[in-house]
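**Student:** As a plain string of letters, each chain reads:
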Amino acid sequence: MVVNPGKGDRLWRGIVIAAPYVWLLLFFLVPFGIVLKISFADPLVAQPPFSAFFDWSAETGGKVLATLDNYRFLLEDKLYLVSYLKSIQIALISTLLCLLLGFPMAYAIALTPYPWRNLLLLLVILPFWTSFLLRVYAWMVMLGKQGLINQMLMSVGLTEEPLQMLYTDGAVYLGIVYTYVPFMILPLYATLERLDLNLHDAAADLGARPLQVFRDITLPMAMPGIIAGCLLVFIPALGEYVIPALLGGLDSLMIGRTLYDEFFVNRDWPLASAVAVVLLLILILPIMLFQRLQQEAEA
Amino acid sequence: MKRSPTFLYSVLCFGYAFLYLPILVLMVYSFNDSRLATVWGGFSTRWYSALLENDQILGAALLSLQIAVVSATLATVLGTLAALGLNRMGRYRGRTLFTGMIAAPLVMPEVITGLSLLLLFVSLQELTGWPGSRGANTITIAHITFSMAYVAVIVQSRLAAMDHALEEAAMDLGGRPFAVTRDITLPLISPAMAAGWLLAFTLSLDDLVIASFTAGAGASTLPMVIFSKVKLGVTPEINALATIIIAIVSVGVLVAGWTMLRQQRQLAGEKTKP
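Protein sequence lines, in the order shown, are assigned to chains A and B. Using the working numbering, the first residue of the first sequence is number 122, and each one after it goes up by one. Using the working numbering, the first residue of the second sequence is number 60, and each one after it goes up by one.
If we strip away everything but chain A, and leave its shape as in the complex, we get (with noise of 0.2 Å):
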């Protein structure tokens, strides 16, 4: 700064930092607080239907009333295990098939030459505006019973019956594919339009066979923005609710709709706190390293 800064400077600086950052702190930062402190707590049949942290009275001159019971609920009921571990499959196998087809498209469009590129890129953003939940709900028309892929196989003899395809586990891969995709295409096209195409031509003169040339030169080159891909699928997917709740069948469990269920339909918030603290536990190094990217691309 060249001027001296003077109050009126300084209270503009307090006002820049200090208005997000005290939001972020009440609204963000603290609400998680309040879930680890309430996951320790007993379900009651009152308003707030939890127990209290300490006991306040004077008799007892504050006592800890925290309870473990709901973590080794978690750990002795299958249900929750079920759920995790299903919910990890679920959203890695989901972000290993939207690299698959994002990393194709992803280069294609980097290959693609102005001023068609900026139309393809807009083909792929534009999904990311229209509502997500009106995105699953059109996969309920095209996989119900009647739904258009059933009528299709039927009228070409494929099949007599209709197939259950909704309300399925493959529908539930289907859907986490269908709306993460463009997350996956983004950060890979922002790595792979840099590539310089001239690296391939010299590995392919120095007679590298086209496969070796993606394995040695695009693939490393584009590694930060598969890391980036897979992780902003991958965090959101494992806790994803609509989409299970929606396609996946009664098994199709995930930790998000079991959560959601165990605060809704059993009202039990302890619970669904210690859920969303294990939750949160299982996403925190992806997480952080989502954060390192961040500022990495950041610097």
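Check each hint, because a few of them may be wrong.
Computed from the model, here is a short list of chain A residues facing chain B with C-beta under 10 Å [to be verified]:
#: 1; residue: I136
#: 2; residue: L189
#: 3; residue: Y192
Negatives, chain A to chain B, calculated, CB over 10 Å [stated by the list, open to error]:
#: 4; residue: A140
#: 5; residue: R193
#: 6; residue: Y205
#: 7; residue: V277
#: 8; residue: M342
Here are the computed lysine-lysine pairs in the BS3-like style, where the Cα-Cα straight-line distance is at most 30 Å [claimed, not checked]:
#: 9; chain 1: B; residue 1: K288; chain 2: A; residue 2: K266
#: 10; chain 1: A; residue 1: K266; chain 2: A; residue 2: K207
#: 11; chain 1: B; residue 1: K290; chain 2: A; residue 2: K266
#: 12; chain 1: B; residue 1: K288; chain 2: A; residue 2: K207
#: 13; chain 1: A; residue 1: K199; chain 2: B; residue 2: K290
#: 14; chain 1: A; residue 1: K128; chain 2: A; residue 2: K158
#: 15; chain 1: A; residue 1: K158; chain 2: B; residue 2: K288
#: 16; chain 1: A; residue 1: K207; chain 2: A; residue 2: K128
Rather than coming from a laboratory, the hints here were simulated on the basis of the structure. Where is the CB? At the ideal position from N, CA and C, for every residue including glycine.
Given the structure of chain A, go ahead and fit chain B onto it with the hints provided.
**Tutor:** Same frame as chain A, but now just chain B:
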């Protein structure tokens, strides 16, 4: 991979068909006369008229629009301040935590954000008596919180790509930081702020999970009404509603994208002039 990537372009075509076919099918079926939503019974606009008479859906749409406008506007203010705080204010204590709190909401599963905000509101009410009832107010706060992160990221990337020379020149000439921000920086980042507002607006309009957690018993936003209807299966009225929403959003995004592209070209054109 050779320069004639037939394989790449086949995947690209398949990818776009995959992305757009379900939406197109949904739009076509919204004009289907049959109540069996997926069996074609002739062209009709009856579901659009039914929609106009559905007070529940119209009321929810109005509430969602109100929440979206207010939350997008406040999120743009706070998100822009956050971007300035991360990009133009140098070093200060707690900056790392700030960066983390901006990036984390982008990937945080909605169920966690929703649950944690609801528990915050419940605890606050116990302590202070505020918020007296949950509804549009609590949903709006929740939406501001997650969408300001998106605004901050968009504005920040614009700030990072921007030439500092103008701001530095203004400072050299004695401009006060606030005046420099108001007269130089803000006009330059206004397209990014507009994009951020639009994104915050659509995110708010679309959110189901966080709104479900933070809404009280009385308030139902449009996604909450849609979800409660489609959970039971395909609903023709929702097909019509989806067609309207998707058409409006697509036209809006295309117009906005085209305008921004033209502005960029104009700016680029000015730069190349001597």
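**Student:** If a hint holds in the structure, say so; if it does not, say that too.
**Tutor:** For each hint, the structure was consulted:
no. : hint              : result
1   : I136              : holds, 7 Å
2   : L189              : violated, 19 Å
3   : Y192              : violated, 16 Å
4   : A140              : violated, 5 Å
5   : R193              : holds, 20 Å
6   : Y205              : holds, 13 Å
7   : V277              : holds, 17 Å
8   : M342              : holds, 13 Å
9   : B:K288 <-> A:K266 : holds, 18 Å
10  : A:K266 <-> A:K207 : holds, 25 Å
11  : B:K290 <-> A:K266 : holds, 15 Å
12  : B:K288 <-> A:K207 : holds, 27 Å
13  : A:K199 <-> B:K290 : holds, 26 Å
14  : A:K128 <-> A:K158 : violated, 41 Å
15  : A:K158 <-> B:K288 : violated, 35 Å
16  : A:K207 <-> A:K128 : violated, 57 Å
Violated hints for the displayed structure, listed by number in ascending order: 2, 3, 4, 14, 15 and 16.
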